[in-house]
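Number of protein chains: 2
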Amino acid sequence: MSQLKIGLAGLGTVGAAVVGMLERRAGEIAARTGRTVKVVAVSARSKSKDRGVDLSAVRWYDDPVELARDPDIDVFVELMGGEGDPARAAVTAALQAGRAVVTANKALLARHGLELAKIAEASGGSLHFEAAVAGGIPIVKTLREALGGNRIGRVSGILNGTCNYILTRMADEKLAFDTCLSEAQRLGYAEADPTFDIDGHDTAHKLALLTSLAFGTQVDADSIYVEGIRSLTLADLEAADELGFNVKLLGVAVRTDEGIEQRVHPTMVPKGWPIAQVSGVTNAVAVDGDAVNLTLVGPGAGGAATASAVVGDLIDVAKGNRGFAFGLPVSALEPCERAPMQRHGGGYYIRLAAVNKPGTAATIAGRMAEEGISLASIVQRQPARAAGAKTVGPEDVAVILITYATTEDAVRKAIDAIEADGVIVGRPQVIRIEKD
Amino acid sequence: MSQLKIGLAGLGTVGAAVVGMLERRAGEIAARTGRTVKVVAVSARSKSKDRGVDLSAVRWYDDPVELARDPDIDVFVELMGGEGDPARAAVTAALQAGRAVVTANKALLARHGLELAKIAEASGGSLHFEAAVAGGIPIVKTLREALGGNRIGRVSGILNGTCNYILTRMADEKLAFDTCLSEAQRLGYAEADPTFDIDGHDTAHKLALLTSLAFGTQVDADSIYVEGIRSLTLADLEAADELGFNVKLLGVAVRTDEGIEQRVHPTMVPKGWPIAQVSGVTNAVAVDGDAVNLTLVGPGAGGAATASAVVGDLIDVAKGNRGFAFGLPVSALEPCERAPMQRHGGGYYIRLAAVNKPGTAATIAGRMAEEGISLASIVQRQPARAAGAKTVGPEDVAVILITYATTEDAVRKAIDAIEADGVIVGRPQVIRIEKD
Chain U
1 MSQLKIGLAG LGTVGAAVVG MLERRAGEIA ARTGRTVKVV AVSARSKSKD
51 RGVDLSAVRW YDDPVELARD PDIDVFVELM GGEGDPARAA VTAALQAGRA
101 VVTANKALLA RHGLELAKIA EASGGSLHFE AAVAGGIPIV KTLREALGGN
151 RIGRVSGILN GTCNYILTRM ADEKLAFDTC LSEAQRLGYA EADPTFDIDG
201 HDTAHKLALL TSLAFGTQVD ADSIYVEGIR SLTLADLEAA DELGFNVKLL
251 GVAVRTDEGI EQRVHPTMVP KGWPIAQVSG VTNAVAVDGD AVNLTLVGPG
301 AGGAATASAV VGDLIDVAKG NRGFAFGLPV SALEPCERAP MQRHGGGYYI
351 RLAAVNKPGT AATIAGRMAE EGISLASIVQ RQPARAAGAK TVGPEDVAVI
401 LITYATTEDA VRKAIDAIEA DGVIVGRPQV IRIEKD
Chain H
1 MSQLKIGLAG LGTVGAAVVG MLERRAGEIA ARTGRTVKVV AVSARSKSKD
51 RGVDLSAVRW YDDPVELARD PDIDVFVELM GGEGDPARAA VTAALQAGRA
101 VVTANKALLA RHGLELAKIA EASGGSLHFE AAVAGGIPIV KTLREALGGN
151 RIGRVSGILN GTCNYILTRM ADEKLAFDTC LSEAQRLGYA EADPTFDIDG
201 HDTAHKLALL TSLAFGTQVD ADSIYVEGIR SLTLADLEAA DELGFNVKLL
251 GVAVRTDEGI EQRVHPTMVP KGWPIAQVSG VTNAVAVDGD AVNLTLVGPG
301 AGGAATASAV VGDLIDVAKG NRGFAFGLPV SALEPCERAP MQRHGGGYYI
351 RLAAVNKPGT AATIAGRMAE EGISLASIVQ RQPARAAGAK TVGPEDVAVI
401 LITYATTEDA VRKAIDAIEA DGVIVGRPQV IRIEKD
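Chains as they are written, first to last, in full-length UniProt numbering: chain U, 1 to 436; chain H, 1 to 436.
Quick caveat, the hints were computed from the structure, so don't treat them as lab data. A portion of the hints provided could be inaccurate.
It does not matter which identical chain is meant; a pair holds if it fits inside one copy or across any two.
[As the list claims (entries may be wrong)] The calculated lysine-lysine pairs, modelled on BS3-like cross-linking and capped at a C-alpha distance of 25 Å, are:
1. Lys5 <-> Lys118
2. Lys435 <-> Lys271
3. Lys271 <-> Lys49
4. Lys319 <-> Lys413
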């Protein structure tokens, strides 16, 4: 039986889990692939650290780029992370040498995926990244292979477990954002500096990859509109609940007449959607195709789940199932024509902290009408009801508007006019509503 | 660009949808695979019927077995259905000739899948059947490829849209089973003779395939315990709702110490599970692995969804991604050691129509205790409350028991004893509870 020789860079939680899974499942993987799949060389920061797996028989490299160039490996597995070097240099070196590369590095791929796919095609290498998007959910394979007959109109997902954990706890336990963030940090679900997760950047990286896979376009992370969950209050979540929605941080990519709309923002999702019920650190991805609407729900992070995706890719490599990184040859990927966010069309939830005096609601409704915005409802809440809203003072009232389908541009103009009227205080809250 | 030449047997809704999708998406599929994928020969009952697709340029066969032997096809697509001939003979002929076969035929595979996989391996052919289980949901690929690193403990699913449609309407609109079945028939969701669907046999066929893929065992449809949804009443669904469950017809395969338990029956599923929220004709499959718990939700039937699965398989074939039919070579598939249903362990919902006299509840509780069954609750309902229950006469009361984990055997013995005591009338209703 021939051997598939792996060089693995990065021995954190995921790297150790990959080594463990390959050992534990060696017989089964050999039966599936007809090959023994074996880690023969590694690189990591510390050689002495106990990782719970036996690495005594493998070659050690201090430099992952040197590991990537080792002529005696077939696959380079990159689990270091980071969009720059050494990850980028190492992956580039392995691909240039015609190797298969398996990586979980979404930041690297969101920035340099197209360039890396090109190198792979030119050299006869291949690039696999199931673990880079939604961890243990096989959404890359699903888009790249299974749904190949579909014309896809929308792909959307809960792609960041930290945010979903925070939003779930806020909604279920009526807690403030800061409390839930601290709790997530205490439990290891959020970093000490949570910016990257809660401001939506991690979701944006993953969305950039999904967009390319779903629409056959070049990866374009820069054209994503990104808004995080910091400004969400319990009052917003409670209002959403009453209206039949859950609030989720979604990454959404939609094919529109204007081009591809890519956006990351808190979203009101109808409770009946499978994705609305996804709680805690769990991830979910929904794909709307012309033939199939599919939702996949599973773990988005963690050593075992990410290792499962890496090992799935390794099994493909061992079987000779390589394929194009983004489903199509790079030459066939179209430029990602950006649909401007101002043209985004949909319903909106708008919460304003308004000055408590007669005529305020009329002023607000008037400004909406001027922009051609139809209101599904306008509700004015007494201070006591608005207790969860940070920006509402004792003398102010919360005004909650739900609009019918309108545009981002119209909403922004209306809010600017309302602000100029001096009838609101603090920062208006705007949450987009996602519907069929 | 080389051509992948398809011979397609069966031009019903799915067959026509496959032809249409291959035409509509020809450019994209060619880019993905590097080949033109084209139907060159077909067989169907009527040559003259208008199917909305242009078949003027293809060769026609009256006999699908002859089509399967056509030396000028690369892939045989079987969409005729039926576990016997001509489907079996045609698939056998194509595999013997070393062709790739793509089929949606669950009955054929549940009965003869192992034998067909053997023929494929011997001849260098390959067998693909994404469309045979849960229609547009890529669960075959997910189990066969993506989750290859996992040791799977349980796979379960809503695999029959007809049943789920009926159960959803019963629960949502408080309708009787017969009303919902008629409605399903009127809408084309149920056959004139609905036996195969509502008695669980269709679910069992699909489960047999999932079991093999999940556990690496030989397909064994005969060892599946099968119970359909005919006996479910609105009273059961309402009681489930009050207890925090939805009732679904599930196919469940579990790896136990006793062997593989395969069962199809109405199941009380906790509302918080993604699968519990799946409504209407939609299908869902949940996989519990040691690394990943995954739920996939999507369309289980229909021309477009099934065609999507067939075309996904054709793209794999065109790319040379063949693999073993059940993930492993036939020689590595273990016999499916049957865990007897009497040993099934779990919680139970039991509804009895009891004679309305003092001491009845005590008798029932006593018989349960004799079998070592712990009761989580025992509720006795006055006739008015039990209106939905068919078997309850004006003088009887419904007694609803919820047990803690016990065994099928204990429950059956206790019920037999209660029946012998003469304190109940009609047929006891037993619904198994599925929990983590």
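Report the numbers of all earlier hints that the structure fails to satisfy, in ascending order. Hints 3 and 4 not satisfied by this model.
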